[in-house]
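The lines below spell out each chain.
There are 2 protein chains.
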Amino acid sequence: MPITSNGNGLLFRQLFHKDTSTYTYLLACTKTNEAILIDPVIDCVERDLKLIKELDVKLVYGLNTHVHADHITGTGKLKQALPCCKSVLSDKSGGKADVYLGHMDSLKFGNQTLEARATPGHTNGCTTYVMHEHSLAFTGDALMVRACGRTDFQQGDPSTLYESVHKQIFTLPPHYRIFPAHDYKGFSETSVAEEMKYNPRLSKSKDEFINIMENLNLPYPKRIDASVPANLVCGIIDE
Amino acid sequence: MPITSNGNGLLFRQLFHKDTSTYTYLLACTKTNEAILIDPVIDCVERDLKLIKELDVKLVYGLNTHVHADHITGTGKLKQALPCCKSVLSDKSGGKADVYLGHMDSLKFGNQTLEARATPGHTNGCTTYVMHEHSLAFTGDALMVRACGRTDFQQGDPSTLYESVHKQIFTLPPHYRIFPAHDYKGFSETSVAEEMKYNPRLSKSKDEFINIMENLNLPYPKRIDASVPANLVCGIIDE
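Those protein sequences? They're chains P and B, same order as listed.
Numbering-wise (UniProt numbering), the first sequence opens with residue 1 and increments by one.
Numbering-wise (UniProt numbering), the second sequence opens with residue 1 and increments by one.
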């Protein structure tokens, strides 16, 4: 058993990368010690490796909710340090990984199960990972606290994103806790019920949503030209 | 009932102020909707008021774990917006508040209970709030993830801090989750077991701890001259 357990079979840690306001999630089965990281950041790999060692868990998967445009994934560097770790991406991402997940595929670590729900619209490969046993959903950039990912670069499409969130996330039970890939205002989580009611974009009609997203006039993402090519190969570009 | 509930009677939200890396905690009884904020930050009061309104909870207390030296508390501003809210501080803090808590006093909100444990050493009034029913402890600056508060200003004293942590926090059950007032590396929580084993300062002997704390050579805190006088009166200085 890891050094810490909350008694429900799951060890859960939310981690933050301040420069890009990215959340990384460490999840471990407290029976078998098998662990996964969702959306690790390359800058934080040393921190994450130390925590994994201290908590005495074994990293079996490094997952990305999508091919990020704002930071380089830590998956490749984690794999170099821990050969037991496999990289995971959506089969629609266009990226390279050890394991590809399609819509409604499951991924197991120890006695714990993640369900992969395809939630494209920010990118083609965006995936929401749901843990029904614990009422948790990791939504990446598809749905954030009172916000959502941009739809004006990569394969962004507001109509697709609206359908994804309404059909794959808003159909989850209302009390399910939502953990996003980013937050810029200091929120750490939300719930399905809250976003259905208060999300300033996604609580609107589809036409209103498309209109909002098409008029955001956001600047070109600072790190996209370095991040996307690296993230298509899980963070490690062969020299 | 608030819009969101995890089914265990407690609504819990961790909030972050990026500029000062401060954590604020919103806790609510899901039966009665009564809520408290621990360590609110004045810069985030608008965000917090909006969340309180959206979650449909009633703020009854604004607590501070201590008289902070790095940011101004939001308690005074929250009280102006929500007259039902009372400010809470330790009876040893030297500050002004509506409610003073002594060592082992309890504070109730709805069906939920906080136990106040005096944990001086960073300041005289430092208090750790424990919720036994949920295995949670809010340790302020007394104990942070792999770290602890400074002991070289206000009423800081390393010997006192060591005794506080070892007698009041490390005696809690090992699985209790620890939520600090700050983190600078992206950690959101820890546990009693982890800090007893891995805290690089407090896992040492008392003499070693005192030696470490007396040789940190830290710069004078940037915001202390504005923060401490304001926080002694819960953030609102009468003109």
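Think of the hints as simulated: they come from the structure by calculation, not from any bench.
There could be a bad hint or two in this list.
No copy is singled out in the list; a pair is fine if it fits within one copy or between any two copies.
Straight-line C-alpha distance at most 35 Å; calculated DSBU-like pairs for lysine-lysine [as the list claims (entries may be wrong)]:
1. Lys86 - Lys206
2. Lys206 - Lys53
3. Lys206 - Lys79
4. Lys108 - Lys53
5. Lys197 - Lys222
6. Lys31 - Lys222
7. Lys197 - Lys96
8. Lys50 - Lys206
9. Lys204 - Lys18
10. Lys18 - Lys197
11. Lys185 - Lys108
12. Lys96 - Lys18
13. Lys204 - Lys79
14. Lys53 - Lys197
15. Lys53 - Lys204
Is it within, between, both or neither when you check Lys53 against Lys197 at 35 Å Cα-Cα? For Lys53 and Lys197, only the inter-copy Cα distance (13 Å) is at most 35 Å; the intra-copy one is 41 Å.
Indicate which option fits the pair Lys206, Lys53 if close means a Cα-Cα distance not exceeding 35 Å: within, between, both or neither. So Lys206 and Lys53 pass the 35 Å test across copies only (26 Å; inside, 46 Å).
Tell me, please, which holds for Lys18 and Lys197 at an alpha-carbon limit of 35 Å: within, between, both or neither? Both, since 28 Å and 27 Å are each at most 35 Å.
Using 35 Å as the alpha-carbon threshold, which applies to Lys204 and Lys79: within, between, both, or neither? Classified as between; 33 Å across copies, 42 Å inside a copy.
When Cα atoms must be at most 35 Å apart, do Lys185 and Lys108 count as within-copy, between-copy, both, or neither? The answer is both: 33 Å in one copy and 29 Å across copies each meet 35 Å.
From the Cα coordinates, with 35 Å as the cut-off, is the pair Lys197 and Lys222 best called within, between, both, or neither? Within one copy only: 32 Å inside, 41 Å across.
Have a look at Lys204 and Lys18 and pick one of within, between, both or neither, based on CA distance no larger than 35 Å. Both, since 31 Å and 30 Å are each at most 35 Å.
With identical chains treated as interchangeable, where does the CA-CA distance between Lys31 and Lys222 reach 35 Å or less: within a copy, between copies, both, or neither? Neither: 42 Å inside a copy, 46 Å across copies.
State whether the alpha carbon distance between Lys96 and Lys18 is at most 35 Å within one copy, between copies, both, or neither. Classified as both; 27 Å inside a copy, 34 Å across copies.
Within, between, both or neither: Lys108, Lys53 at alpha-carbon 35 Å: This pair counts as within: shortest intra-copy Cα distance 21 Å, inter-copy 39 Å.
Within a copy, between copies, both or neither: which one fits Lys206 and Lys79 at a CA-CA cutoff of 35 Å? neither (41 Å within a copy, 39 Å between copies)
Given identical chains, is Lys50 near Lys206, meaning Cα to Cα at most 35 Å, within a copy, between copies, both, or neither? For Lys50 and Lys206, the Cα distance is within 35 Å only across copies (25 Å; inside one copy 45 Å).
Figure legend: structure checked against the earlier numbered hints; hints not met, in rising order: 1, 3, 6 and 7.
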